[in-house]
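All chains should be modelled from the sequences, with the hints used to inform the complete structure.
Listed here are the chains, written in short residue letters.
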Amino acid sequence: MSMSSSNGFDRRRWLQHVGGGMGVLALEQMLADGREVPKKNQLVSEQGGVHLVPRAKRVIHLFMNGGPFQADLFDPKPSLEKYAGQRPASADLLTERPTGGLLPSPFVFRPRGQSGLMISDLLPNLSNFADDLCVIRSMHADNPNHGPALLQMNNGTILPTRPSMGAWFLYGLGTENENLPGYLVFCPGRPVRFSILWNSAFLPSKYQGTYVNHSKINPSDMLPNLKNQYWSHETQLQQLELLRDLNHQYQSTRNEQSILEARLESMETAFRMQFEAREAFDLNLETKSTIEAYGEGHFANGCLLARRMVERGVRFVQVYFGNGQPWDTHSNHDKSVPNLCRQIDQPIAALLGDLKQRGLLEDTLVVWGGEFGRTPTSENGSGRDHNHHGFSMWMAGGGVRGGMAYGKTDEFGFKAVENKVHVHDLHATILHLLGLDHQRLTFRHSGRDFRLTDVYGRVVHDIIS
Amino acid sequence: MSIKSIQQSVPTSISLLHSKLFHCSALVTFCVFAVPGQTKAQEADFFERKIRPLFAEHCYECHASDSNPVHASLKLDSPASVMKGGDTGPVVVPRDVESSLLVHTVRYDQDLQMPPAGRLSLQEIRDIEFWIAQGAVMPSDETPMLSKEGEIDFEQAREFWSFQSLTSPRPPSVSKADWSGQRLDQFVLGKIEAAGLTPSPQADQRTLLRRTYLTLTGLPPNEEQVKSFLEDAHPHSFRRLVDQLLASPDYGQHWARWWLDLARYTDRTASWLSQDGQAFFYRDWVAQALMDDVPYDEFVRRQLATDLMPHTAADDLAALGFLSLSPTYWKELKLPCEVIKVIVADEWEERVDVVSRTFLGLTAACARCHDHKFDPISMEDYYAMAGVFASTRVIAKPQIEEDLYGPVRVAKDKVAALQAAINELKKQATDGKGQSESEQVAKRNELLAEIKKVENETAHYHEPLVNALSEESLYVVRAGKNAQDGTRLEYRPGARDLPLFIRGNPNRPAEIVPRRFLQVFGNVQPFALGSGRLELANAILKDAKDLAARVVVNRVWLAFFGAGIVATPSNFGRQGSLPSHPELLDDLAERFVKHQWSLKRLHREIVLSSTWQQASVADQRLLQADPENQWLSRMPVRKLTFEQWRDSMLVCSDSLQAYIGGESIDLEDVENHRRTLYATIHRRDMSTTLMMHDFPDPTQHSSQRVVTTTPLQGLYALNGSLLIEQSEKLLNRLKRSECKTVEESIRKVHYWLFLRSPSDAELASLINYLCASGDQPSDERWKQCLHVLLASNEFQFLD
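Line by line, the protein sequences give chains A and B. Residue 29 in our numbering sits at position 29 of the first sequence, and the numbers go up by one each step. Heads up: take any position in the second sequence, counting from 1, add 1000, and you land on our numbering.
No lab work stands behind these hints: they were computed from the structure. Don't take each hint at face value.
[What the hints assert, rightly or not] Below, computed lysine to aspartate or glutamate pairings styled on EDC-like, alpha-carbon distance capped at 20 Å: (1) A:Lys216 with B:Glu1728; (2) A:Lys335 with B:Glu1338; (3) A:Lys216 with B:Asp1697; (4) A:Lys227 with B:Glu1728; (5) B:Lys1373 with A:Asp92; (6) B:Lys1084 with B:Glu1129; (7) A:Lys82 with B:Glu1628; (8) B:Lys1735 with B:Asp1775; (9) B:Lys1373 with A:Asp142; (10) A:Lys227 with A:Glu265; (11) A:Lys227 with B:Glu1780; (12) B:Lys1729 with B:Glu1744; (13) B:Lys1191 with B:Glu1628; (14) A:Lys82 with B:Glu1124; (15) B:Lys1740 with B:Asp1685; (16) A:Lys227 with B:Asp1685; (17) B:Lys1373 with B:Glu1349; (18) B:Lys1334 with B:Asp1346.
[As the list claims (entries may be wrong)] Cβ pair distances, simulated, as ranges: (19) B:Asp1243 with A:Arg444: 38 to 48 Å; (20) B:Thr1699 with A:Ser258: 23 to 33 Å; (21) B:Arg1492 with A:Arg278: 49 to 59 Å; (22) B:Ala1270 with A:Asn339: 24 to 34 Å; (23) A:Lys216 with B:Leu1112: 53 to 63 Å; (24) B:Gln1164 with A:Thr442: 56 to 66 Å; (25) A:Arg278 with B:Ala1270: 47 to 57 Å; (26) A:Arg278 with B:Thr1312: 50 to 60 Å; (27) B:Thr1430 with A:Lys216: 32 to 42 Å; (28) A:Glu286 with B:Arg1492: 51 to 61 Å; (29) A:Asn339 with B:Asp1111: 54 to 64 Å; (30) B:Glu1628 with A:Pro224: 53 to 63 Å.
In this text the structure is predicted, and so the values were computed from the model without any measurement. Backbone N, C-alpha and C define an ideal beta-carbon position, used for all residues, glycine too.
Shown next as structure tokens:
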């Protein structure tokens, strides 16, 4: 490839920038070969590096939007049978809508694996990974409405003006692969709150998540305009150099650096994505047996995409289960849940197995859960209302102890009562696993230091291996 | 046991539960046989937990107030009717299980066996027996559970700022008095000074010009416009420019989109609806109304009820698109009506949502299943409002008088019949039946000719239809005798009041709620004119006038400054934000109403204000002291909307097709050089380009756009066809301009795009790029360079 610099700009300096610090020679070689750009290995942190020894380098968050019911899946509550139809004082909690008496879960639990972790028959494949799961049965949050609860789970607070956790992760750790967005959000449609759930708020805009609708899985559908049909990469490199030059001249006289800088960086990421993203997003490159292992459906595709992303160093991948809030079973709960579980069971099991086999589970943290759980009491006879008082989430890989159930809900699974884990605590723990101290990961804004965990949060050391 | 002690013995949330179910029901008291040791509340609670859900699931299909027909005259949805029984007399005899017909019926031990779908479980039967044995207690008005606890205290709720009357604030005294060009400036300056800051200097003329053009018209000024402004020596040249822009049709086309985001406008309605109506009439109506500065109160009234107003021009009918283009959800009529009722109820909820959020900044739809958790909106309020939409039907109407259109309807029926005959012929042909082929062809041609004739001879036959409304009520009923027979949607003339749906479930109707306005605004007079749409509009503009004015003024402010005075523009309730400048908001709102709700007057005041004319470049001290710019001590830098960005390219490349209104065109159509306002919006199949650029989801009301910056947008700028094509058009324009040197060309195009000359450094960069391989850049090189300019930050951001 002819790189002779008759063009009169400092290619070396520029490549260093566009390459985000990767070896210039490597990039030149890549351009010459038309191969994928190599990943960058060192952690890049705007806030000055990790505070602790990281156990996880990346996170996959499987988001069951709508809110699954804990006592169907991970938190067996035999007492519900006994008190069916009644509403003892301890089960008399306020949720979004009025609910009636206790409604037992008809699904059967069994001890699984060496650990004997109780998992419902609804998740037979996932049960094979019982010894990898750390189920937190004592999650609780502050609000029983979807919007605020989605915000709290993602952004730490119900205020719409705070950065999402993914933005904090990137701010803390940078990205491992400059050729892909560091924070990807897959949803086959839209959750009921949209881009606010992956925004960067006052953190630099470049840390916001990139939303990809994967309801169609051709790379060109997920990533429109991935290919330039007109100009060569070298031409594009020259264009980008000019763009950077002009933008910097414009920016030098202005204050609002973040959004301007972010736009330039997003274009540079876009440019580099042309080399790697098509391949990264192409599920057809998987073997038939892998594809079969994950199974069919949007969520299965999302899980497989997530693996391909973390494999390539994407820092944070969220996979929303579906459009809207599919787990929001206000009626016909018992009829809907087996179907929902069928859609997650095989893909999640395949994901965990796949990560394990590739040696990625060690330093990839997988987080599963909704924005809240559901009530053990019935809504209109066959439904369950939202429940923020107590619900289950689980984590696997990335330094957590497998085969354990942490914390307890009350007799009916309504309210977290022992070793309670608030959403703030969950965030503090995830940050800890990533090597970040949630009290030291701060950003000064509006005259004070902000944190993902606000003034709260406790690292749950008991679940760390 | 005293009432007081009973109250104490009942857990709060149970009483809340029951008050929500029954506090508004006109229930008849009936006999209650208390069991020692149990409170009535606890006994009635057994009914709520065990029996009512059973009834709801297995009986209400045929035995509830809104069952159609009610079988055997037996209704099991209120305590009174349970005790009354049906055609065969009482079905429940309290404390006498064996004498209760209900028990035998559910046991299947007599001829009458219910429910028909299959016997209940033994446990369920035992529950019914137990309930009757214990006295068949149900909640009633007289039980202490129905205390008013948990009810909304409207008096207290009105204390909240947004329900208060406008306060007629006086501007604060400020030290920098000469800064205030407009009244609003004094309020802003007051806050700036109180924060110990000083406002930023005025932006330079070029910046101001670009800002003014793009904000008022959505388009940048062209070279001539800049020149003529800069040469205008008149002391009020800027004021004159503003008036000129406010009078330009570009203004209406730009601001229409401001409203259409709120109205969740779509060009394509759901595929299962008849597409007779043309959605664009509504879009064009909005643009024209804003153009004409139709007073906002009138603007609201027309959209909700122009058909019910005494003076309605034929072309006003399109205003009803606000409601008639509402999202609709698929109703599979093979399903039982219980299912379809829920879908219809969801549609009504969407209407309540869009109307309450758009015009009042209130989330009234939250009160469908329970009283609003935070704001003074009761379930009754919700159903009082939902009834208005249940009494309104979406239909297509011509914009001409019905007298003129009557013959067209007849002709259309005739054409439909002829078309059916043609289809029948086709069918016969494929089946190999009927006449010979030549006969069939002849016959078909004859029919086709007849269709042509009817179409040609009927005046106004091709008159387009608009999406409008009619005064008909929707009832969801069984198509046959059984649930399995499916559902029929019945539109009946006249209005209907809805029952309150217990927990939002239309299959659990409680008492009827007359249609009326929200109680917190003090007027609970039931609506009497048809559906009540006009009364609803009038109530919004009279009883809730102050709130309605605050809400719209705040929306305008948001459009000018990128952030509202209230940061949550469609939620002025307790869950929303408090105003950063409450006095300013009230002053603007008060004068807005006083000046005939004129949007243009408000726009003019803002554009002429020193606040809005501030520079966007601030010194470090200011940035640190007010990083969020909450005191408006500078103008924020804003990213152009996708519409502004694309339209700017079309202006600069001189390829904008300026004609106004009419049918939409696909955004990606290679022939599409119209303003982006006219790009087809397809609710179910949204343009990915629009969606990736923060365009709102047209399935619901959007209160403001959330600005994102993502690599997918980066890919669009680098590789998307728009910028590539526009670079070429720009180059063609540049060639036509007959510049002599590369430098001259650069200066020319730079001026078109940025309204300024390039700096020496910029010029050097551009020349360096263009002339990298020789003094005469190739067309390709030029295109690449222009592409970069179009993709640059300066072109996409507004200072």
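Here's how the hints hold up against the structure:
1. A:Lys216 with B:Glu1728: violated, 32 Å
2. A:Lys335 with B:Glu1338: holds, 17 Å
3. A:Lys216 with B:Asp1697: Given pair Lys216 of chain A, Asp1697 of chain B holds - Cα atoms ~19 Å apart, limit 20 Å.
4. A:Lys227 with B:Glu1728: holds, 19 Å
5. B:Lys1373 with A:Asp92: holds, 18 Å
6. B:Lys1084 with B:Glu1129: holds, 18 Å
7. A:Lys82 with B:Glu1628: violated, 56 Å
8. B:Lys1735 with B:Asp1775: holds, 16 Å
9. B:Lys1373 with A:Asp142: Given that 20 Å is the threshold and the Cα spacing comes to 14 Å, the pair holds.
10. A:Lys227 with A:Glu265: Holds, at about 18 Å.
11. A:Lys227 with B:Glu1780: Within the cut-off at roughly 18 Å; holds.
12. B:Lys1729 with B:Glu1744: Roughly 18 Å between the alpha carbons, so the hint for Lys1729 of chain B and Glu1744 of chain B holds.
13. B:Lys1191 with B:Glu1628: Holds, because 14 Å separates the two Cα atoms, which is no more than 20 Å.
14. A:Lys82 with B:Glu1124: holds, 15 Å
15. B:Lys1740 with B:Asp1685: Measuring from Cα to Cα gives roughly 48 Å; hence the hint is violated.
16. A:Lys227 with B:Asp1685: violated, 23 Å
17. B:Lys1373 with B:Glu1349: Distance ~17 Å between Lys1373 of chain B and Glu1349 of chain B Cα, so the pair holds.
18. B:Lys1334 with B:Asp1346: holds, 19 Å
19. B:Asp1243 with A:Arg444: 38 to 48 Å: holds, 45 Å
20. B:Thr1699 with A:Ser258: 23 to 33 Å: holds, 31 Å
21. B:Arg1492 with A:Arg278: 49 to 59 Å: Holds: the Cβ-Cβ distance is about 58 Å, inside 49 to 59 Å.
22. B:Ala1270 with A:Asn339: 24 to 34 Å: holds, 26 Å
23. A:Lys216 with B:Leu1112: 53 to 63 Å: holds, 55 Å
24. B:Gln1164 with A:Thr442: 56 to 66 Å: violated, 39 Å
25. A:Arg278 with B:Ala1270: 47 to 57 Å: Roughly 35 Å apart at Cβ, these two residues miss the hinted range, so it is violated.
26. A:Arg278 with B:Thr1312: 50 to 60 Å: At 56 Å between Cβs, range holds.
27. B:Thr1430 with A:Lys216: 32 to 42 Å: Because 36 Å falls inside the window, the suggested range holds.
28. A:Glu286 with B:Arg1492: 51 to 61 Å: Hint holds: Cβ distance 57 Å, inside 51 to 61 Å.
29. A:Asn339 with B:Asp1111: 54 to 64 Å: The hinted range 54 to 64 Å is violated for Asn339 of chain A and Asp1111 of chain B, with Cβ atoms some 39 Å apart.
30. B:Glu1628 with A:Pro224: 53 to 63 Å: violated, 34 Å
Checked against the numbered hints above, the structure breaks hints 1, 7, 15, 16, 24, 25, 29 and 30 and satisfies the rest.
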